[in-house]
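Chain by chain, the residues:
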Amino acid sequence: MKRYIASILITVIASMSAWAIMPNDGGCQNLQNFFRNVEGYGRLGYSIGGTAPMGMPAEIRKLNKFILQPNVAFGADLIKPASAHWGVLAGIHFENKAMHIDATVKNYHMRLTQDGQSLEGVFTGKNDSHAVQWTFTVPIQAVYKFNDKWKIKFGPYFSYITSCNFDGFAYDGYLRVDDPTGAKVLLGTTDEERGNYDFKDDIRKVQWGMGVGVDYFFTRKFGVYADLNWGLSGFFKSSFKTLDQTLYPIYATIGIAYRFK
Amino acid sequence: MRFFYHKISVLVAVMALASICTSCFKEEPLNAECDIEKAWVHVANPADLFYNESDTLINVISTEDKITFTMRDDADVTALAPLFTITEGATISPANGSVHDFSNGPVKYTVTSQDGKWSRTYTVECNRVAHYVTEVMNFDFEHFELDPTYHKYYIWHNTLPDGSLGDDWATGNRGYYLAQSSATADNYPTTVLENGYEGYGVNLTTRGTGPFGISSKKPIAAGNMFLGRFNGDIAMFKPLMATEFGIPFTQKPLSLSGYYQYSPSTPFTDKNFVQHPERIDAGDIYSVLYLNHDANGNPVVLYGDNVLSSEQIVAVARVQNVNETNGQWVYFDIPFEYRQDIDLELLANRGYNLTIVFSSSIEGASFEGAIGSTLKVDKVRLTCETKE
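Heads up: the protein sequence lines correspond to chains G and P, in order. Per this note's numbering, residue 1 is the first one in the first sequence, and the count goes up by one each step. Per this note's numbering, residue 1001 is the first one in the second sequence, and the count goes up by one each step.
Derived by calculation from the structure, the hints in this document are not laboratory data. All residues carry an ideal CB built from backbone N, CA and C; glycine is no exception. Some hints here could point you the wrong way.
[Unchecked claim] Think about it this way: if two alpha-carbon atoms lie no more than 25 Å apart in a straight line, the pair counts; the simulated BS3-like pairs of lysine-lysine are:
1. LYS106/G / LYS1026/P
2. LYS1218/P / LYS200/G
3. LYS1238/P / LYS106/G
4. LYS1038/P / LYS241/G
5. LYS106/G / LYS1038/P
6. LYS237/G / LYS205/G
7. LYS80/G / LYS149/G
8. LYS221/G / LYS145/G
9. LYS241/G / LYS1117/P
10. LYS241/G / LYS62/G
11. LYS1117/P / LYS62/G
12. LYS65/G / LYS1026/P
13. LYS241/G / LYS1152/P
14. LYS106/G / LYS1117/P
[Claimed, not checked] Derived contacts from chain G toward chain P, CB cut-off under 7 Å, selection only:
15. ALA58
16. ASP115
17. GLY116
18. PRO180
19. LYS184
20. VAL185
21. THR189
[Stated by the list, open to error] Facing chain G, a subset of chain P residues (Cβ under 8 Å, in silico):
22. PHE1025
23. LYS1026
24. CYS1034
25. TRP1118
26. LEU1178
27. SER1181
28. SER1182
29. ASP1186
30. ILE1234
Chain G extracted, bound-state conformation (with noise of 0.2 Å):
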């Protein structure tokens, strides 16, 4: 794990000095060039979101709960003026993904699997997910800036996920073992009465999308911010089956950002 994390940074730094190290001669004054109009960023911020199919299935009727959860963003972008107004963003931030939600479904598909037993049929009644990522996030973004005010900025970002989680249960409803004519299997609302999930194992450690942002300095140092991420890489790992639908993180940060360089 640290291996890629490691990767990643050797990756942005690399990328960001083959700029700086253009061919000819050495190194030092290039650099000092190259960084000479660079401007530094730090953020703070909170987001909001969740792991969510493209497009509601009908099967998922009703959103019962959704708790916020402590999903803090902080990190540091910099950013490389190439013209007047485009320039080059890229960035670290370390943040939490997390999202407790509470939903009513009708015959949804599932597939449940633990060390190889399965139980697969249409669940209808109450699902209660929990999810958890911690993740290192790499954004490589175009920027565009209006003035010194604003600037919105869009592009890819690649994340590493150091620590996740994905649980919950299925409850107060029954499942249908493989189709709408099979067994029943009515489940209750207690810890016992209830079929519990964790899907840790099934999450994939590398994720990618797309973000797009807009930054707002009211001063020359301070600022807001507010980020979409939109996850293009599916959350679990492709040889996870358990649901028909492939769900994507997708994520909204608002928060401060300190002009530092």
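Since the structure of chain G is already known, use the hints to place chain P on it.
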């Protein structure tokens, strides 16, 4: 400046739209199920057709596709109009409440789901039971087959007094299927014993229920077999309520005999799968006769939590200390101990239920026992009073 605000508001709108698109709910899908949930016969005088009024209504378990009304042997079944509660929106053919002649055998009904994609066919029959008098009822476990739905585990048939096969033996095997779908029939809690005391016997083994069972605090499944019905629909939800003990019984039982072997395993574990080395597993063999209606005339079924403690119990025969038998068959012959007087008229009118229960772990209903404990049973006899 207005230009920038305009740009920003467009961006915010796009972001908002994107998040709304993922959270909007589609129209509710139509129901896909097509069950008969309840079946009943409504007639002016139920006593003309049925022994008990409660026999007019049947709650159908999801895996059942045969609905049997138990009736008096002289009941007129040439023009009956059974009624059904079916899944909301589903349709039934022939029509709900239509009149049919059941004297020539069963009538088939097909239920089609609201979305039109699924259907199930049910067989509805009227079983007119004659009053047999048998001195000794034999239970030899020679008739078994793989379950017709999944072909995964064994089910057993008893031999009825007229020589036909009945469906009175139940096991918890269907519950085990949910937890351990990969198990083969011989690795279920209740299996066929190839070399019984005579011919085949029944082999009951306490099994581990794997990750699903542990996560719901049901880490073991004792091998069990009983006269009654296993309602697998609630095996996960209310396991003690899944064992519906007893079948209507019209004779006075005197004693229960048979042969068993028992081998306790270790370690003994509780429902949290914590080991208790000081405890040793034991088997259980008993029979209970009970009143199947309470004082107010409501039907009563005994379950896992009250089959040995209910006030409804009339008589019990229980083998004491089913312990290690070192691979030898042990004969038992236990008289019924009567706790109340028996009403012979009520008995003839199917007012009593009888169950016989075998379990490889005596505390199996509380999910306590040792994985691997084995009870083998064969040649069980129920001796009844024959004088009128």
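Quiz item: Does LYS1218/P pair with LYS200/G here, judged by a C-alpha cut-off of 25 Å?
Solution: holds, 22 Å
Practice problem: Take the C-alpha atoms of LYS241/G and LYS1152/P, compute the straight-line distance between them, and say whether it is at most 25 Å. | Solution: holds, 23 Å
Quiz prompt | LYS184/G as an interface hint toward chain P, with CB separation required under 7 Å | solution = holds, 4 Å
Quiz item: Given the hint that LYS237/G pairs with LYS205/G, does the C-alpha gap stay at or below 25 Å?
Solution: Roughly 8 Å between the alpha carbons, so the hint for LYS237/G and LYS205/G holds.
Quiz prompt | Given pair status - LYS62/G, LYS1117/P, alpha carbons within 25 Å | solution = holds, 24 Å
Exercise. Using 8 Å as the Cβ threshold, decide whether SER1182/P counts as touching chain G.
Key: Since chain G brings a Cβ to about 6 Å from SER1182/P, closer than 8 Å, the hint holds.
Practice problem: Could you check if GLY116/G really has its C-beta closer than 7 Å to a C-beta on chain P? | Solution: holds, 6 Å
Quiz prompt | Restraint check for LYS241/G with LYS1117/P, where alpha carbons must lie at most 25 Å apart | solution = holds, 24 Å
Practice problem: Assess, step by step, whether the Cα of LYS106/G is no farther than 25 Å from the Cα of LYS1117/P, and give holds or violated. | Solution: holds, 16 Å
Self-check item: chain P contact restraint on VAL185/G - CB to CB distance below 7 Å
Solution: Cβ of VAL185/G sits 5 Å from chain P, so the hint holds.
Quiz item: Can LYS1026/P be said to touch chain G, with a Cβ gap under 8 Å?
Solution: Constraint on LYS1026/P satisfied, holds at 4 Å.
Practice problem: Decide if the proposed pair is consistent with the structure: LYS65/G and LYS1026/P, CA atoms, cutoff 25 Å inclusive. | Solution: holds, 18 Å
Checked against the numbered hints above, the structure violates hints 4, 21, 29; every other hint is satisfied.
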